[in-house]
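**Q** If you want the building blocks of each chain, they are given just below.
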Amino acid sequence: MEQKIVQQLKQGDEKTFREFVENNKDRVVNICYGFLKNRLDAEDTAQDVFIEVFRSIEKFRGDSKLSTWLYRIAVTKSLDALRKKKRRARFKQLTSIFYENNFESMPEFTSSDKPDSEIDKKERREILNWAIDKLPGDQKTAVVLNKLQSYSYKEVAEIMDKSVSSVESLIYRSMKKLKIILQNYYEKKIL
Amino acid sequence: MKRNRKIDKRIVYEVERTLELIEEPQSVSTDSYFYTRLKARMQDPGGKNLHKRSVISVLQPAFLFLLLAVNIFTVYYIFKQDSSAQAQQSFADEYNLVLNSTELFDITTQQEGE
Numbered sequence: 008m009e010q011k012i013v014q015q016l017k018q019g020d021e022k023t024f025r026e027f028v029e030n031n032k033d034r035v036v037n038i039c040y041g042f043l044k045n046r047l048d049a050e051d052t053a054q055d056v057f058i059e060v061f062r063s064i065e066k067f068r069g070d071s072k073l074s075t076w077l078y079r080i081a082v083t084k085s086l087d088a089l090r091k092k093k094r095r096a097r098f099k100q101l102t103s104i105f106y107e108n109n110f111e112s113m114p115e116f117t118s119s120d121k122p123d124s125e126i127d128k129k130e131r132r133e134i135l136n137w138a139i140d141k142l143p144g145d146q147k148t149a150v151v152l153n154k155l156q157s158y159s160y161k162e163v164a165e166i167m168d169k170s171v172s173s174v175e176s177l178i179y180r181s182m183k184k185l186k187i188i189l190q191n192y193y194e195k196k197i198l
Numbered sequence: 181m182k183r184n185r186k187i188d189k190r191i192v193y194e195v196e197r198t199l200e201l202i203e204e205p206q207s208v209s210t211d212s213y214f215y216t217r218l219k220a221r222m223q224d225p226g227g228k229n230l231h232k233r234s235v236i237s238v239l240q241p242a243f244l245f246l247l248l249a250v251n252i253f254t255v256y257y258i259f260k261q262d263s264s265a266q267a268q269q270s271f272a273d274e275y276n277l278v279l280n281s282t283e284l285f286d287i288t289t290q291q292e293g294e
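Keeping their order, the protein sequence lines are chains A and B. Residues in the first sequence are numbered consecutively from 8, following the working numbering. Residues in the second sequence are numbered consecutively from 181, following the working numbering.
These aren't lab readings, by the way, just hints derived from the structure by calculation. Treat the hints with care, since some could be wrong.
[Stated by the list, open to error] Covered stretches of chain B, going by a simulated chain A footprint (3 or more residues, C-beta under 8 Å):
(1) 191 to 201
(2) 217 to 223
(3) 247 to 259
Just so you know, even glycine gets a beta-carbon here, dropped at the ideal spot from N, CA and C.
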């Protein structure tokens, strides 16, 4: 079945490509969203992913599942988009440094009176996303796929082209690091 | 000391509450026009603009480098000329000297003859 889809995609069959996009768009957009935390950016990057698939399907040799290959492209494109986004933000900060002293921008922590409110949750989510963003490349990818997007260790290992045990260790280390980042953050904000 | 312990407890509480959120999956959904937009982008002349922009981004520094190289060469060439012929001439003019060595020789030979 998959071989037939690949064959038809290689032949440039538009109907197959459309079906392929419709069947996978949500998963791809969600992977991109896991990294970029912005719906529009995620959709834009997801489009880049499908364009890349369309252009380079000839190179797909069938070593992995088509979906794994697709998610791998989604991770690569998301990391590229994130790098570009950061570069732009850094330049913006550099130009505004003469006006404000906010080079290291941290999310706000208002210490809500209603700890279970939606505002409190939204704020915490922002802090968590900020902390995840501080993780090194591989750790971030593993956390986004396994924790935020609920992919199994095996699936993450396939997407990242690593062994299951190395993914497990990556996630263990990233959770430890996340704890430290958050501790430092709250120390700065509370003290 | 007592206050510090209270703050530490608070920090641990905040960290744990924030980390709990990692288990809640974040998801967004796309609308039914996703493919239409994708198709438009694939056929869009915007893609050509993108190609044009990337060509410009390569050509621009190359052109600037070329311009810089031409400038350096020109300055070097002018200085080289200046330091040889022009500088000698202007020096000679300023101190009213005869630059042509044969004339100098002629003057000395004339003096010897006298």
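**Q** Please go over all the hints and tell whether each is borne out by the structure.
**A** Against the structure, the hints:
1. Counting residues of the segment 191 to 201 of chain B whose C-beta sits closer than 8 Å to any C-beta of chain A gives 7, which meets the bar of three, so the coverage hint holds.
2. Residues of the segment 217 to 223 of chain B lying with their CB closer than 8 Å to a CB of chain A number 4, which satisfies the three-residue condition for coverage.
3. Evaluation of the coverage hint for the segment 247 to 259 of chain B: breached, as 0 residues show C-beta separations to chain A shorter than 8 Å, against a requirement of three.
Of the numbered hints listed earlier, the single one contradicted by the structure is hint 3.
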